[in-house]
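Please put together the full structure from these sequences, using the hints given.
So the protein lines, in turn, are chains A and B.
The first sequence begins at 70 in the numbering used here and counts up one residue at a time.
The second sequence begins at 466 in the numbering used here and counts up one residue at a time.
Some clues are possibly wrong.
[What the hints assert, rightly or not] With a cut-off of at most 27 Å between alpha-carbon atoms, the simulated BS3-like pairs for lysine-lysine come out as follows:
| no. | chain 1 | residue 1 | chain 2 | residue 2 |
| --- | --- | --- | --- | --- |
| 1 | B | K911 | A | K152 |
| 2 | A | K164 | B | K646 |
| 3 | B | K646 | A | K174 |
| 4 | B | K755 | A | K174 |
It should be emphasised that the hints constitute simulated quantities derived from the structure, not laboratory data.
Chain residues, written in single-letter form:
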Amino acid sequence: MHYQLNDQQIEHDEEGYIVDIAQWSEPLAEHIAQSENLAMTSEHWEVISILREYYQEYQIAPAIRVLTKQVAKRLGDGKGSNKYLYELFPYGPAKQACKIAGLPKPTGCV
Amino acid sequence: MDARTDIALTTDLGIEAPPDLAPDAMSACRPFPAQPAHNEALGFPGALVEDWQDQAIAKMGELLENSRPLRVFLDSCVKCGACADKCHYFHGTGDPKNMPVARQDLLRSVYRYYFTPLGRLLGRWAGARPLDADVLEEWFTYFHQCSQCRRCSVFCPYGIDTAEISMAAREIMNSVGLGQKYCNEIIGKVHKVGNNLGLPPAALENTLEGLEEDVRDDTGVDVKFPLDVKGAEVLLITPSADFFAEPHVDGLIGYAKVFHQAGLSWTLSSYASEAGNFAMFIGSYEQMHKIANRIRKAALDLGVKRLVFGECGHAWRVAYSFLNTLAGPWDFLDPRYPVPQNIAAITHDLIQRGGIRLDKDANAGMTVTLHDSCNVARASCLGDRPGDQFTIPREIIAASVPAFVDMHPDTIGDKTFCCGGGGGLLTDELIDLRVKGCKPRANALKQVVDDHKVTHMVAMCAICKSQFTKVLPQFGYPMEMIVSLHQLVSRSIRLATNA
Ligand code: SF4
Ligand code: SF4
Chain A
70 MHYQLNDQQI
80 EHDEEGYIVD
90 IAQWSEPLAE
100 HIAQSENLAM
110 TSEHWEVISI
120 LREYYQEYQI
130 APAIRVLTKQ
140 VAKRLGDGKG
150 SNKYLYELFP
160 YGPAKQACKI
170 AGLPKPTGCV
Chain B
466 MDARTDIALT
476 TDLGIEAPPD
486 LAPDAMSACR
496 PFPAQPAHNE
506 ALGFPGALVE
516 DWQDQAIAKM
526 GELLENSRPL
536 RVFLDSCVKC
546 GACADKCHYF
556 HGTGDPKNMP
566 VARQDLLRSV
576 YRYYFTPLGR
586 LLGRWAGARP
596 LDADVLEEWF
606 TYFHQCSQCR
616 RCSVFCPYGI
626 DTAEISMAAR
636 EIMNSVGLGQ
646 KYCNEIIGKV
656 HKVGNNLGLP
666 PAALENTLEG
676 LEEDVRDDTG
686 VDVKFPLDVK
696 GAEVLLITPS
706 ADFFAEPHVD
716 GLIGYAKVFH
726 QAGLSWTLSS
736 YASEAGNFAM
746 FIGSYEQMHK
756 IANRIRKAAL
766 DLGVKRLVFG
776 ECGHAWRVAY
786 SFLNTLAGPW
796 DFLDPRYPVP
806 QNIAAITHDL
816 IQRGGIRLDK
826 DANAGMTVTL
836 HDSCNVARAS
846 CLGDRPGDQF
856 TIPREIIAAS
866 VPAFVDMHPD
876 TIGDKTFCCG
886 GGGGLLTDEL
896 IDLRVKGCKP
906 RANALKQVVD
916 DHKVTHMVAM
926 CAICKSQFTK
936 VLPQFGYPME
946 MIVSLHQLVS
956 RSIRLATNA
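The following block contains the structure:
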């Protein structure tokens with residue numbers, strides 16, 4: 070199971086999460102988003118970069134509340150809601166956005 | 466997400482007809498098998514072992530030796546059919562293999578072949594069959610279409626518990642190297658990091674600081690979310706979803722406000738940062754023990770006096786029924802309090818004694834119903850009186866909102882329907898099953914929405930909350946309709962300032 074990006078093969082698991090997060094790149098994010106029928110806008114990119122920065126520091130994706138607060142800070146108060154994040158990422162901000170950001174899937178009762 | 470609005474909702478659930486039979490409708494629906502690393506981390510073989518048949522039968526023999534109920538359950542079914550239409554997965558899928566008796570027979574037939582003289586002699590004439598690759602695949606498929614909710618056992622005249630049978634089947638499969646990815650990966654994370662999410666201590670600390678900030682901004686009151694505080698009175702063990710997901714986190718905020726207002730010192734632990742114990746879903750006593758012992762170690766290290774559990778169904782079942790055997794004795798805790806206690810019992814008691822005051826007007830406009838979680842409803846009490854697992858949450862809700870309405874009596878209390886995501890099935894590849902299995906609950910909800918204008922449904926289990934927020938939108942209900950029990954408390958509690 071892999072994404073084919075130009076001549077590069079990037080391995081992913083059964084659900085499309087990449088196995089080696091060091092292999093992530095912006096073109097790969099575009100590619101994953103496309104395979105999920107999602108057109109990346111600047112708002113999407115903003116969420117992706119928040120996720121990646123948090124992951125760098127804490128080795129896990131931020132909780133939904135932490136994420137919405139950051140989004141409000143960067144994109145404006147009106148956009149700091151779980152609902153808005155679902156509009157951006159219909160399969161859920163945690164799971165779908167993490168996949169595009171190259172981060173592992175949050176597990177557990179979520 | 467494929468829309469499933471085509472599922473017709475019936476409103477007279479009490480007399481709902483059984484679905485049309487759809488043989489093998491769900492035969493291709495099964496979870497991802499665990500990868501070798503997931504299995505090996507739990508001490509199971511990485512992949513299916515070569516002599517898996519012999520080993521599986523040996524394991525079955527061992528389980529029969531060690532568990533009398535299992536043998537009784539396998540021996541005593543008289544095929545009366547009382548359980549046949551009681552499973553939410555049968556209701557939602559029509560697949561006859563999702564009738565509880567048929568699910569049991571998947572294991573029972575193999576048991577008969579190897580462990581009863583008649584089965585060996587007469588083979589399929591005695592409902593017996595040898596274990597082969599097809600049978601194993603059928604096990605992996607249909608024992609992962611059982612959420613171990615025990616609803617069927619309520620209707621069985623012999624009390625046969627399909628959940629126990631499905632746990633045994635999963636245990637056998639794990640022992641030969643056929644594990645389920647979702648459960649095994651998560652159990653591995655608990656051993657390594659301390660919780661199902663894999664949330665490391667620094668991230669937990671950061672999340673809790675954020676919550677303190679939020680509550681301060683919101684209320685002007687300095688409500689604490691303490692972590693690893695030695696000498697605190699209460700150790701709170703809660704599902705890690707409470708740190709991460711919505712509406713779970715609103716429940717956690719509610720617990721913190723209750724502790725604050727009651728003046729009870731409390732702490733979370735970064736070592737035992739999980740209430741859930743997925744080892745129950747795979748039937749592994751050894752894994753269950755290992756997870757439960759993290760709680761013991763945290764309680765000892767922090768020197769707490771009481772153990773309190775947050776909102777989680779199966780965690781409460783494990784805690785209520787097995788914590789003493791798994792991780793006791795708890796003689797170092799304050800003997801004046803039960804071990805463990807549930808946060809709902811504490812809040813309830815405080816409301817009754819006037820220790821906290823709730824202001825219903827804060828929840829004006831809400832008409833609320835309650836989803837009884839299977840593991841709370843059918844396997845435990847919340848306080849110290851029989852049946853208080855039903856009265857306690859209802860009385861808390863009644864004290865926090867202007868209007869409460871129960872759903873159809875055949876769908877609540879000890880007859881409650883599973884949310885459709887319990888027992889280790891809350892994973893995306895099973896979404897089709899999860900939507901279909903939610904149908905009976907969605908039916909009952911629709912009835913009270915239509916007839917009584919219900920606006921919100923309370924859940925008091927992390928799995929139920931996540932399942933409903935994901936699946937109810939497919940029945941036309943918004944995810945915000947699902948609220949935590951302590952979210953209502955959080956919104957209505959009168960806070961005094963610390964000053
Ligand atoms: S335990 Fe629940 S999910 Fe399993 S067969 Fe019985 S009713 Fe169905
Ligand atoms: S209700 Fe009990 S005895 Fe009757 S068919 Fe079901 S499991 Fe067998």
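### Query
Between K164 of chain A and K646 of chain B, does the CA-CA distance stay at or below 27 Å?
With Cα atoms ~17 Å apart, K164 of chain A and K646 of chain B stay inside 27 Å; holds.
### Task
Sort out whether K152 of chain A lies within 27 Å of K911 of chain B, counting only the CA atoms.
holds, 23 Å
### Query
Within 27 Å, alpha carbon to alpha carbon, are K646 of chain B and K174 of chain A?
holds, 13 Å
### Query
K755 of chain B and K174 of chain A: Cα distance at most 27 Å?
Holds, because 24 Å separates the two Cα atoms, which is no more than 27 Å.
When each numbered hint is compared with the structure, no violation occurs for any of them.
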